[in-house]
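Join the two chains, each given in its own frame, into one complex according to the hints.
In the order they appear, the protein sequences are chains A and B. The opening position of the first sequence corresponds to residue 1 in this note's numbering, with each subsequent residue numbered one higher. The opening position of the second sequence corresponds to residue 1 in this note's numbering, with each subsequent residue numbered one higher.
Read the hints as simulated data drawn from the structure, not as lab findings. The structure presented is a predicted model; accordingly, all values stated were derived computationally and were not measured. Positions of the beta carbon are idealized from the N, C-alpha and C atoms, including for glycine. Do not take every clue at face value.
Away from chain A, derived, C-beta distances all over 10 Å, residues of chain B [as the list claims (entries may be wrong)]:
hint, residue
1, PHE5
2, GLN139
3, PRO205
4, ASP303
5, THR371
35 Å max Cα-Cα, derived DSBU-like pairs, lysine-lysine [what the hints assert, rightly or not]:
hint, chain 1, residue 1, chain 2, residue 2
6, B, LYS228, B, LYS53
7, A, LYS305, B, LYS368
8, A, LYS326, B, LYS228
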Amino acid sequence: MYTFDLTDEQRMLTDMVRRYSDRILRQVYREAEEAREIPREVIEQGWELGLLPASLPEDYGGFGEYSVLNGALIAEELGYGDMAASMELLAPNLVASPIYLCGTEAQKQTFLPLFTDVVYPKVASALLEPVVLFDPYHLRATARREGDVYILNGEKAMVINAPEAELFLIYAHDEETDSTQAFLVQGPTTGLHVGDREKWMGFNALKTYRLRLEDVRVPAANRLGGDAGIDIQRILNSSRIALSALGVGLAKAAYEYAREYAKEREAFGEPIAHRQAIAFMLAEMAIDIDATRLMVWEAAWKLDKGQNATHDAYLAARYAADVALKVTDGAVQILGGHGYIREHPVELWLRNARSLSTLLGAVTI
Amino acid sequence: MPIDFEVPEEIKNQSNLTQMVAEQVMRKYSRYYDEHEHERPWEYINFIWPFMKSMEAASLKRSLRQSQSNGHGGPSSTHGNGKKKVGSFQVSMIHFIETLSWGDAGIYLCTPSSALAGAAIQAVGTPDQKERFLDRFTQGDPKWGAMAMTEPHAGSDTSAIRTRARLDPETNEWVLNGEKIFVTNGKLALEESDGILVVWATLDPELGRAGMRPFVVEAGTPGVTITKQEHKLGIRASDTVSIVFEDARIPYDNILGDPELKKAETKTEKGFKGAMKTFDASRPWVAASALGIARAALEFTRDTLAEEGITIPEAAPYHQLSAIQQDLLQMEADLKAAWLLTIRAAALMDAGESNSLEASMAKVKAGKVVTTITQKCVELLGPLGYSREFLVEKWMRDAKINDIFEGTGQINTLIVARRILGYTRRELK
Chain A
1 MYTFDLTDEQ RMLTDMVRRY SDRILRQVYR EAEEAREIPR EVIEQGWELG
51 LLPASLPEDY GGFGEYSVLN GALIAEELGY GDMAASMELL APNLVASPIY
101 LCGTEAQKQT FLPLFTDVVY PKVASALLEP VVLFDPYHLR ATARREGDVY
151 ILNGEKAMVI NAPEAELFLI YAHDEETDST QAFLVQGPTT GLHVGDREKW
201 MGFNALKTYR LRLEDVRVPA ANRLGGDAGI DIQRILNSSR IALSALGVGL
251 AKAAYEYARE YAKEREAFGE PIAHRQAIAF MLAEMAIDID ATRLMVWEAA
301 WKLDKGQNAT HDAYLAARYA ADVALKVTDG AVQILGGHGY IREHPVELWL
351 RNARSLSTLL GAVTI
Chain B
1 MPIDFEVPEE IKNQSNLTQM VAEQVMRKYS RYYDEHEHER PWEYINFIWP
51 FMKSMEAASL KRSLRQSQSN GHGGPSSTHG NGKKKVGSFQ VSMIHFIETL
101 SWGDAGIYLC TPSSALAGAA IQAVGTPDQK ERFLDRFTQG DPKWGAMAMT
151 EPHAGSDTSA IRTRARLDPE TNEWVLNGEK IFVTNGKLAL EESDGILVVW
201 ATLDPELGRA GMRPFVVEAG TPGVTITKQE HKLGIRASDT VSIVFEDARI
251 PYDNILGDPE LKKAETKTEK GFKGAMKTFD ASRPWVAASA LGIARAALEF
301 TRDTLAEEGI TIPEAAPYHQ LSAIQQDLLQ MEADLKAAWL LTIRAAALMD
351 AGESNSLEAS MAKVKAGKVV TTITQKCVEL LGPLGYSREF LVEKWMRDAK
401 INDIFEGTGQ INTLIVARRI LGYTRRELK
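One chain only, chain B, in its complex shape (with noise of 0.2 Å):
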């Protein structure tokens, strides 16, 4: 495939609804759920679950099809003349989260999918699992899957995870007990819709890395309770919760990826590159989101100097330029350059090619644009910038949050350099 940059015709049919959504139902009421934290965006939910019910409807079957012809899932197939099907799904995934997000991100957030749960289960799963968790998303009311890492004690570090699943062989059930924190969509996985969970635990502590499994947990489980409701800076309207399992009982079947320790063996980590193998198609999803927000305070402010008379010459010599144009200048190239490194990254995905060192580099590129460019916005627009009359001051707020999930800024600049020089985990701490 040769160099080119043309935005996909199926993509630019859904990028004029995408947009829509994004001003009636998410734009509209911003403001509004950014001071009622907790409260949920019906509107949108409402207003995008039939969507969402018909693209995880075709991901779900597209995902068997692939498992039946290779054995595995992943995000293209091969062809029996060996040439590779270069898809798009993850391209167009790209186009309509930023979008999304440059409607609010908050709200973009709570959208009713099986999300980064369904990805874990459609890169790990079994075809049985895959039609046992993921086929409640595409029909009936709102749902959501969840994915829980992070613990009080490990965050970056995700090999210090302590919530234990040990199996009981009476039962043949795992028995899940430990606490997770930060959970986005975890109340709407749990409590609030017929969803699930995927929660990430150790078979054996001592293994590190090489004993994390993730598991599926259902809604209604007993043993699964919400502790706690984070206030967070910003993306208020994004469900984050604290989750405690108390001898949570979940079925052997529940288990992604195998469930045989090899101690004596050279240690695998497959547990853990199964989430790995997760965030090479999340993080540049949440690049894309990151630059949804700062299209929208670039836009924002842009519009806004515009109505002041400052506007950016057709063309003009550096020396004519102001300080403030300057400044729209630099957030312009930072934004392309962030947003191309984001669609190479899921182009590579979309065409069967390894992408970890690509995604890695994208996020850490979105995830310092969009905090600089939502500052300066702030800064550039003067008291209206800080006021919360407008927008831009939530968007600073709701853009930093990109640095920081999914790998924060350091742990995947850490990711690229390993990559960079060759380095082990123990070369380059």
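Just chain A, same shape as in the assembly (with noise of 0.2 Å):
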């Protein structure tokens, strides 16, 4: 039966993070972008909210249930603050989640609990490398074992928390199974190097790092699932689905934005939003807007029933990044002069909406 509403519980979380978003999310980010930093507190008062413990069940110390579609509710408002905060916010899900999705059980006891502390979470996931050409099915970092331990090679990028990690996701190509593999490397450690601040251009405030790895040797008990190894497919799947659903919710923000400035800024006597030139142009937005979260809440669905998804997580994810792109721009463009001044947000959406491609794996299949 198709429906389309929320359950209460879902109503009273994203409730939750939405006056998050409202309330200090979107009073810090411009200060925050500026400053390239953001503030100590802000994240620990995202952090208090409990979005990841309640993504645990209780055996691993959590409250809650591992849900794809909850995920991405939480990052639409996330999203709809801002995409710097949220993902700091969210990097820690970068680790837990794999570990949850693929560790054995011996790895989700030893390492979820870390997850469900009230302090931040001190780790950090290392998956995109610092090439044109990036491809998640064929990493150029290496793993190649001896005998009991492995050995790392390579060099990573956009590393978010490099420098206070202590627990360390490195996707690296395994040789020996030709495939993409992930090893939990406790930090700091011989061969492990955090390199420069990383500049980008957008999301200023998120600190990340290289990461050059140099004969990193892993024990072979910590790569993540064992023997059995890791589904890279389904790691990328639930991120990706993340990552969509907080394109979605940065798209609503600079349409609702523009829609406001359109309805307030008169021109030739009357409201800009009163010609179809403009009108038109929001319509589209709304249109692509819901178009697309129906499109990442199908993937979703799909993956917590456990239902192959990942063609759809590949749509979802294709659509949100040109979404979220197509309506900052337009953002951008109806807020004219002004949408180009830092002072309006909608120049920094548009430059954070760039980056949805590039971090969705370079929107691979």
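Printed below as a string of structure tokens:
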């Protein structure tokens, strides 16, 4: 049966996150962007919402259940607030979710409690690489097995919170199985070099770093999933959905801002929204945003049902990246010269939106 | 109700049969009826009629039951405990229409049923009117219901309608005068079966939309003449005619909705709102039909390209995809986006919730998507795409109507824009 209503619980959850977005993220995002830093208390307040523990079952110290759909609902509300802060807040999920989805029972028992603490966890995930032709199915970083250890080599990019991290989840090409595998690396350790802070087109408040791996030795037991290894597709699917939902929230923020601006801004004696040229742009934005959200929800719903939704997640991600870019660009356009000025948020949202197709693993199928 | 995308069981059961119909009595004859405009696709009509009859019977029964329980029609009813009962009629119509249009959109439009006339009667008719006009669709030979709105000088601007309805106090009959064009199934309804036509006319042109009312005209009414059968770009199997009314007399009870005009008080637009209510249902239907054509074109293109060794890899980075593969994926994404909007619009109606905004959203998106997908498919298949040896070129011609009828893409975008901005017609023209 097709129904599109949130449950009471989901509504409470999204209301809570929405309040955090409105009252905190929307107040600090510009200052954070210019200062290239998110105030510590902002992340602490976000962590106190308990979003990650609420996505883990009691067996692992959490108080809820894993749900891609709930993750998408949360991500949309966060993305509506600010992308940099959302990404910092959701960064621990990039370590916790793969462990939950693909880890061995022992790995889950050992590592998942890290994420249910009241303190924001010191963890970092390293998937992207500083290359033009990024391919998550054939990474350039390598893992070579030597007896009871794996030796990791290569370079990683966009590693959030790398300097403080005490646990890294590092993805590399496993030469033995010719597949992408992930390794739990406790840091700091020999050969694991945290490089310079990276500078990006957008979300400058987010602290990300390069990572250089020089013969980093990892016990074989720390290969995620043990002998079975990981299903990279499963991990990509769930993170893809979260990022797509974040894009929906971002697009919604830009659309609403442009809509309200167009109703107030007068030209030739009346609000510019009275003109079809503007009104039609807004209508198309609204349609595309709704369509994308439905695509994200459907893929998430399928994943939660245990169905194969790789293709659905891909299509949703592709749409989300396109729509977020198109909508934020349209918002800048509707604000005209004002949209180009850093006093309004839309220029930042456009810069942020451009990152989505990159973050979505260069939109791989 | 939580977020749920499960296809209802009864729809799954029905879909095999519909697919068979689409393949056996529609797709097979697509080219023939495209090239023999104004002939009737009897293979399909005769096959589908028994099924339509029982659907009409169930729909009439449900509608009458609703009239009894809440005094007016509507897609859902409320139980004593205040909980809404969620039906699945609109959603199954969406699946049904999508598959039939995958078979052939022109032939689908020849489906013998009360169609838009039925929707209008169900939306605003009295129980007696429902009985009197719709019972015929539950029995006997194939029949059609049609709707006449557009006039030579009134397309999207329906308030400019000039067809006039005057009451003859002596006989207590309505007298209709005027001309209607682009009436789908008009000839089938009035001349080739014992069908009905819902015609929009004005009681007082000075009142604009507030003066408009729908009237039911039965087949065989004197003074009603089919004056022209159109020759079209696509959906050539579909019957499209002009109708002239010259002192056509119909009984007083054939008016749908309130016959009283409220001049002095606030201008009501009840008659017009009646039309809008039928659009809430029919726009998602048109969207579904569009998406059936889009899927037909996309599947054919995908299969044909696969024979040439071009397929979508299971897992590959962006930079390894060719332009054609990118195009295919974009079409898939667009199709899914439009489909989900359409399903949502229908499901909201089934749940008894307002869906005007969502219906227009679906219509805009589907009209746009089917147009770009079919054009792209013609392009991707090269000379074969353009050739009449295959159906892709026909699907592109068929597709275009979906961006036009039941409100053009522009009109529906305007409706969406007004709704999201909270604007009246005066504020956003």
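query: Does the structure break any of the earlier hints, and which numbers would those be?
result: 1, 8
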